[in-house]
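I would like the entire structure built from these sequences, with the hints used as guidance.
There are 4 protein chains.
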Amino acid sequence: MIISIDTLNTSPIYEQLRDQIVLGIAAGQFEAGESLPSVRRLAADLGVNFHTVNKSYRMLCDEGYIVMDRRKGAVIAGEMPRNEELDLSRKLRLLAAEAICRGIGEDEFLKICGKNFREVLT
Amino acid sequence: MIISIDTLNTSPIYEQLRDQIVLGIAAGQFEAGESLPSVRRLAADLGVNFHTVNKSYRMLCDEGYIVMDRRKGAVIAGEMPRNEELDLSRKLRLLAAEAICRGIGEDEFLKICGKNFREVLT
Amino acid sequence: MIISIDTLNTSPIYEQLRDQIVLGIAAGQFEAGESLPSVRRLAADLGVNFHTVNKSYRMLCDEGYIVMDRRKGAVIAGEMPRNEELDLSRKLRLLAAEAICRGIGEDEFLKICGKNFREVLT
Amino acid sequence: MIISIDTLNTSPIYEQLRDQIVLGIAAGQFEAGESLPSVRRLAADLGVNFHTVNKSYRMLCDEGYIVMDRRKGAVIAGEMPRNEELDLSRKLRLLAAEAICRGIGEDEFLKICGKNFREVLT
DNA sequence: GTGGTCTAGACCACG
DNA sequence: GTGGTCTAGACCACA
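Residue numbers (the numbering used here), protein chains in the order written: chain R, 430 to 551; chain X, 430 to 551; chain Z, 430 to 551; chain V, 430 to 551.
These are calculated hints, taken from the structure and not from any lab test. Possibly wrong hints are sitting among the right ones.
Covered, in the sense of this in silico footprint (three residues per stretch, anywhere, with C-beta under 8 angstroms from a C-beta of chain V), are these stretches of chain Z [stated by the list, open to error]: (1) 448–457; (2) 504–512; (3) 524–530.
Quick caveat: nothing in here was measured; it's all calculated off a predicted structure. All residues carry an ideal CB built from backbone N, CA and C; glycine is no exception.
Written out as structure tokens, the structure reads:
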């Protein structure tokens, strides 16, 4: 899996990392139980400090995407909890509002949603 | 329109403000050409620093939601540009990925999208 | 409130800090809503790095003892969740086992528990 | 006796092992003078490094739970010293503090203590 | 002035 | 060789 950092992006590196790994998991590029590269390894590869990668992993761990195994390092979680729908809804409403302000109707909005959903899987 | 800020929330106040105003515009609580409260007025009402409100207004202005008028202050824009689809898509893909990781399929995802779209309008 | 660090103690500084603050809250030395010293302030007072104090505060925050307020910094939480009984029980069973191995019976164990409970409040 | 280790657990394996053996001794699953499995045997059974088991045994030895016999290996100690009350009290105070913060009173705390004490013996 | 981010590098615990 | 802890210091975002 290819992970890249955009230094021009305003969002912090650890968040970019976290997002790309989530996208990778969703795309099926990682199997459940598979190990991610070690924090120091990935940090070296990306040319960032290992604390930064560590923070991403910690975040993914808190969110249930990965599990820190004492021996295998960071491992893709098997089953992920479904509780966080509230936050998904909150974010979706904001995106919907931005779309509405730009004159996008429900049908078109759903079409965009579907298109992006499928793009994740490719 | 009711705006509430949460200092416990991790997202900055100016962003919370900006988001709620966007939601308000989408819900039709403001007409095009209508004025928002003055920076100082809103700041006083919310009990926040007026620099904070100022930053929100500047943000909304940069994004095309409002225009700053020397006399009428912040005014809801008439027509808003549709350019930012790239960012909409980027955010949607991330939300889709998070949903996929939690076992939500395309149909259910679209149902959630539709539900939240309609909730904005109420 | 007096916080001290024992460099001879094997447990990490951030944990010692966390524990002492929990003891302080239980003893009523902090009111709900009261602010803790800023991370950098406390770090300077204790002669440790601010990241270390930061970690303690983050931990206390995750556990619900404090809340990070964007303006007031770290604030003692009003109501704390009661969910963590499982961990309390697990730890208690281990302590009980150690006591049993040393020939301490239930009555004496409970007497020790009560004594220490009351000592926290003083 | 059934010993299970959890590599996802944040506490080190040697400590998990040590804790479970202490619980086993308290529950009467070992007689004084009885031998524990050899370091290599237990390590193989659990699928862990034998250094890890070794460290647990050394720990138990230092604490007086077992004695290392050149022929019989690790043997459950006959009489265990009662000195460590200080540490017991320190840990109990912390648990009491956590309980107090969550609104648990002395009576309820003692009830929980008693319940867990008895559970160790079963 | 507050916390957040990031870097850099040291030492230790663990397995 | 892995992650965890701690230090030190820089810069930025926020209010």
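Evaluation of the provided hints:
1. Only when three residues or more bring their CB closer than 8 angstroms to a CB of chain V does the claim for the stretch 448–457 of chain Z stand; here the count is 6, and the claim holds.
2. As drawn, the stretch 504–512 of chain Z meets chain V at 3 residues by the rule of a beta-carbon pair under 8 angstroms; at three or more, the given contact holds.
3. Taking a C-beta to C-beta cut-off of 8 angstroms, the stretch 524–530 of chain Z contributes 7 residues in contact with chain V, enough for the three needed, and the coverage statement holds.
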